[in-house]
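Chains as they are written, first to last, in this note's numbering: chain A, 330 to 676; chain B, 6 to 361.
Just so you know, these hints were derived from the structure itself, not from any lab.
Every beta carbon over 12 Å from chain A, so not counted as near; a handful from chain B, in silico:
{"no.": "1", "residue": "Glu10"}
{"no.": "2", "residue": "Pro11"}
{"no.": "3", "residue": "Pro23"}
{"no.": "4", "residue": "Thr24"}
{"no.": "5", "residue": "Gly27"}
{"no.": "6", "residue": "Gly75"}
{"no.": "7", "residue": "Gly97"}
{"no.": "8", "residue": "His112"}
{"no.": "9", "residue": "Glu315"}
{"no.": "10", "residue": "Arg335"}
{"no.": "11", "residue": "Glu352"}
Below, in silico cross-link-like pairs of lysine to any residue (SDA-like), each with a Cα-Cα straight-line distance of 20 Å or less:
{"no.": "12", "chain 1": "A", "residue 1": "Lys635", "chain 2": "A", "residue 2": "Asp649"}
{"no.": "13", "chain 1": "B", "residue 1": "Lys264", "chain 2": "A", "residue 2": "Leu536"}
{"no.": "14", "chain 1": "B", "residue 1": "Lys264", "chain 2": "A", "residue 2": "Asp539"}
{"no.": "15", "chain 1": "B", "residue 1": "Lys264", "chain 2": "A", "residue 2": "Leu605"}
{"no.": "16", "chain 1": "B", "residue 1": "Lys264", "chain 2": "A", "residue 2": "Asp554"}
{"no.": "17", "chain 1": "B", "residue 1": "Lys264", "chain 2": "A", "residue 2": "Arg673"}
Sample of chain A residues at the chain B side, in silico, Cβ under 10 Å:
{"no.": "18", "residue": "Asp526"}
{"no.": "19", "residue": "Gln532"}
{"no.": "20", "residue": "Leu555"}
{"no.": "21", "residue": "Met561"}
{"no.": "22", "residue": "Leu594"}
{"no.": "23", "residue": "Ala601"}
{"no.": "24", "residue": "Asp616"}
{"no.": "25", "residue": "Ala675"}
Where is the CB? At the ideal position from N, CA and C, for every residue including glycine.
Each chain is listed here by its residues.
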Amino acid sequence: MNVGVGVESGEPLLRARGLVKHFPITRGIIFQRKIGAVRAVDGVSLEIARGETLGIVGETGCGKSTTARLLMRLLEATAGEIRFDGQDITHVKGGALKAVRREVQMIFQDPHSSLNPRKTVGSIIAEPFAIHGMLGGKGERKREVQRLMETVGLNPEHYNRYPHEFSGGQRQRIGVARALALSPKLLIADEPVSALDVSIQAQVLNLLRDLQRRLGLTVVFIAHDLSVVRHMCDRVAVMYLGKIVEIGPNEPLYEFPRHPYTGALMAAVPVADPSLHGSERRLLSGDVPSPANPPRACRFHTRCPKAQQLCSTQEPQLEDKGSGTLVACHYPLSREEVAQIGVRSAR
Amino acid sequence: MSDAEPLLRVEDLRVEFPTEDGVVHAVDGITYEVHAGRTLGIVGESGSGKTVSSLTTLGLTRRQGARISGRILFEGQDLVALPEDRLRAVRGNDIAMIFQDPLSALHPLYRVGAQLIEAVRAHSDVSKAKARERAIELLGLVGIPDPARRVDEHPHEFSGGMRQRAMIAMALVNEPKLLIADEPTTALDVTVQAQILALLERLQRELGMAIVIITHDLGVVAEVADDIAVMYAGRIIETASAARVFADPEHPYTWGLLKSIPRLDGPREEDLVPIPGAPPSLIRRPTGCHFHPRCPYAQPDHARIDPALEAVADEPSHFVACLLESHTRRRLWSELGAGRTPAQALEAVGLPGTAA
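Okay, chain A solo, but in the shape it has when bound:
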């Protein structure tokens, strides 16, 4: 299967194939019996090219954060394979895993709970050096930390301050500096701005975009906000109930979404323009089904306005439908339908 539309030739930095993560549901206290599984991620394949930003969007419970944790090896995959920089890292342990962790760093959602309140900013940012036994000299470490603080727009003189002395946006900068400390090859940002106020959100987004350009970072950007993902990413994967339903480069995906779920998501985004108010939009009805008991075949067929008999019997595969993205849908949207649904980014 060709999953690499839009990726330059050459070995991708990361390639995941058929990733599956099932969390068991158990009953009983001493003798636990497995009575089912939450299929958080159920067969995800993707590639990340060097220097690109891949966005993963979807609603609560679609498996986007679980996917990120699998890629980072914070969770053990139930099945599938992850190759990072030419090496199979799916089951590496010990020293080899530590080496992978050095190359892949993460920025978390909540800058309040992801920084130790009892440590100074200097020692928080220097922690990756301590863990990996780098830059032994104290002066050397301090110089590097101050350089990092400057890179992310913090005052290096605030080296000895504590996290509570910083605002939310500055705290998120501390998290970014810590993630950059080891010059990782891959940065995974899990909802990095959704806990921040609007004006602060823009500061952090601009910082990340600036770092992308300056340092040529490879980033996996996970968010539920489609406008933010459009602003930040080169390629985007849309997830629904543990599967990628559509993946492709930014422009074709936003201008001509083919999967009915992608279209519905984009039509639901509120746009800051009252003149569009009242224009026709088609809304999805109902809620996302439980990932413990997902619908058969196409998982979206229970809510899909275009669903036919085939959708409940045969699972669609990710395929090129001629508009630049890969879509897992038997009856992809036409341009007329995209306009009817009310997708505001459509061209």
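Following the hints, put chain B in place on chain A, whose structure we already have.
Only chain B this time, still in chain A's reference frame:
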């Protein structure tokens, strides 16, 4: 805004909380009106006073030791001066509120129906069976499928969107004239958010109630609000019709908010223009214009003079609290609209600037 008597008129409302560190000026002299059948959107960031002002309307800050002054006129009756027992008759009856997190606003151990029945019977003397009928009718009204069965379920059996629908049903029990919705969709996914906003609009059309929607999300107010009030550090700094606030905003803070969000239909390459710095402490507020330390267009005397909320030239229903001249503001906004940075806009307008 129409000239008819407003349903709700808030006049110079001040809410202060004395604390160990000093007095928190949460709401600092705000005035606004809400008319029947219309929606007012109150926009602001955390700590701007938007929630406190609404809680005060319902008398919910009284017990927290708040010092309240000003008037809150609801159908001509001043709620600030009303004794607690008479306020309770208004609250939940004529004015209802829905909150951000429906899970913590619903009791986890009682069935949804029981909570609805309690709300019905708290304000009207009807039998349990009648109240149950009403509960089922309300759940149907807010679009919960199979309400006769769902009425006997517990909140944990509802999804996030259905819980918020149940909260709305509870608020509608007595057909309130005014519904205050505090971040009603912030905890929800986009597709569910769109459903809830559409529901609020439909209910407003059908029941003719006025809505005050409090949110930090400019997209949400653009979708539902007729009028908008932008709050900063406890004050309303700009208020006008939704169309004007988005097309011709006049306050630099409003510009900052609009330029801070990426738009789904905007140009993708354009950089965002964030507002520098962070919102001020409400205990030690900046002197003069509260926004001046973060304002790229602030002039030296703006640290001294406190701007009043005044009508904009030629636009009697558009109010703004800014010390810049109106024509200067309009030129700055047109420069920003053309994609220029604050520093470039200052230079084009010929103002000595602080935005280097």
